[in-house]
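Next come the chains, spelled out residue by residue.
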Amino acid sequence: MEKLIDILDLSVPEINGLIEKAGDIMAHPDKYREKCRYKKMATLFFEPSTRTRLSFESAMYDLGGQVLGFSDAQSSSVSKGESVSDTVRTASIYSDIIVMRHPKEGAPLVASYKSEAPVINAGDGGHNHPTQTLTDLFTIQSEKGRLDNLTVGFCGDLKFGRTVHSLISALSRYRGVKFVLISPDELKLPSYIKDGVLVKNNLEFTETKDLESVMESLDVLYMTRVQRERFFNEEDYLRLKDSYILTPDKLKTAKSDMIILHPLPRVNEIHVSIDDDPRACYFKQVRNGKYIRMALILKMLGID
Amino acid sequence: MNIDSIKNGIVIDHIKAGQAMKLYSLLELDRLECPVAIIKNAQSKKMGKKDIIKIDTRMEVDLDIIGYVDPDITVNVIEDGKLVEKKHLQLPEMLRDVIKCKNPRCITSTENGIPHVFKLCDAGKKLYRCLYCETKAPDEN
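Just so you know, the protein sequences line up as chains A and B, in that order. According to this note's numbering, the first sequence is numbered sequentially starting from 1. According to this note's numbering, the second sequence is numbered sequentially starting from 1.
Chain A extracted, bound-state conformation (with noise of 0.2 Å):
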């Protein structure tokens, strides 16, 4: 596979093997110590990420690879203005495998038409996030032991909110999955996935303002973090960054196998209260993260 740029870069199939392998490894992690030994993975990271690169890293290693690159576009020669083309072009002389993050949509694609080595999109801007789905996918599995026929709320920065474009790409090939996206009217979902994926294939979503209204109705409720970086007048961020804060309280009608998610960071719209609900599962999904990734790096590689 030379890429992964868009979580419709694979099939349905394909996402429920990687899912079948990652839950493989997790349970027999031994089995996969040696599977990447002399390989190399180059992490360009032209935007700052914790939990992605980390994720990333992490699982090359576990695989027995290694890992070269910066996480810091201000560390490499992106600061002296080379472009996007040669430094992935250099990149993937060194290494067998890119993983790359950058401001920039469409940054990734770019990469891949340059790179020797397959590409890895780990966040264009506000545009996808397909590893980021593809462990959302894992934990949704994992946690309600289905893909389809759920009722998805998407709550917080639907606009900018790449997780969320992704998720909800993936999703709307499954049957019967409801959508419910909440959002100020600032934040809401960008057209090209709402005409673009919702409407053109005739699925069932409604709009709200009012996250509480909803949340009875809610299998799986997807928190997302108001992003500062994505807003180039910081008065709009300052006015929506808390629209919505999840407390206890307002979990008092969610169903009881409800699941909460979040990709990650947070700043304050999960009160830490609810970390210790049992419907938590932001955390789990950091766990499930590296192993997912560790299956798809196996895949990329050609590896079993």
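Warning: the hint list may mix true and false statements.
Below 20 Å or equal to it, Euclidean Cα-Cα: the simulated EDC-like pairs (lysine to aspartate or glutamate) are [said to hold, decoys possible]: (1) LYS194(A) with ASP122(B); (2) LYS40(A) with ASP148(A); (3) LYS188(A) with GLU204(A); (4) LYS255(A) with ASP236(A); (5) LYS200(A) with GLU93(B); (6) LYS114(A) with ASP97(B); (7) LYS250(A) with ASP276(A); (8) LYS125(B) with ASP195(A).
If you are wondering where the hints come from, they were derived from the structure by calculation, not from laboratory data.
Keeping the supplied structure of chain A fixed, place chain B upon it in accordance with the hints.
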């Protein structure tokens, strides 16, 4: 009003009235040394009014650009004063370096040397999106 017929060249016909200059610009016909005639608001039985462009030389025109502006335009190839080919157009699947993405968050806003590419997402709505960031093409028609 009469414009001399051409002996060898291209006649771009059935252009919606008012769109000839846009097409002239997109096809970069200003770079040509040969005579180029732009006829605006010509009478048309089918369209009422139409524009026509006549290019007095043999050349390849970018049919994707013309198809993007309007797939109902016809391109006539003239040789020795006779019509030898009538090309019917369609909306192109991809547009390369015809229009520019205006999303400031798109990689095309900072990366030099990459083409601006738009792909056709909905032919019925004539909807194009940027290949890189999926932003809608600017509506220029």
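Against the 20 Å threshold, does the CA-CA distance of LYS40(A) and ASP148(A) hold or violate the hint? Answer violated: LYS40(A) to ASP148(A) is near 37 Å, above 20 Å.
Below or equal to 20 Å on CA atoms is what counts here, so check LYS114(A) against ASP97(B). holds, 19 Å
What's the verdict on LYS250(A) and ASP276(A), does the C-alpha distance respect the 20 Å limit or exceed it? Given that 20 Å is the threshold and the Cα spacing comes to 15 Å, the pair holds.
Within a Cα-Cα threshold of 20 Å, do LYS194(A) and ASP122(B) meet the stated pairing? Roughly 14 Å between the alpha carbons, so the hint for LYS194(A) and ASP122(B) holds.
For a C-alpha distance cap of 20 Å, please report whether LYS200(A) and GLU93(B) respect it. holds, 19 Å
Restraint status (C-alpha distance of LYS125(B) to ASP195(A) at most 20 Å): Since the Cα atoms of LYS125(B) and ASP195(A) sit roughly 12 Å apart, the hinted pair holds (cutoff 20 Å).
Hint check: LYS255(A) vs ASP236(A), CA-CA at most 20 Å. Holds or violated? Not satisfied, since the Cα-Cα distance of roughly 34 Å exceeds 20 Å.
Restraint check for LYS188(A) with GLU204(A), where alpha carbons must lie at most 20 Å apart: holds, 17 Å
Comparing the model with each earlier hint shows violations of hints 2, 4; every other hint is respected.
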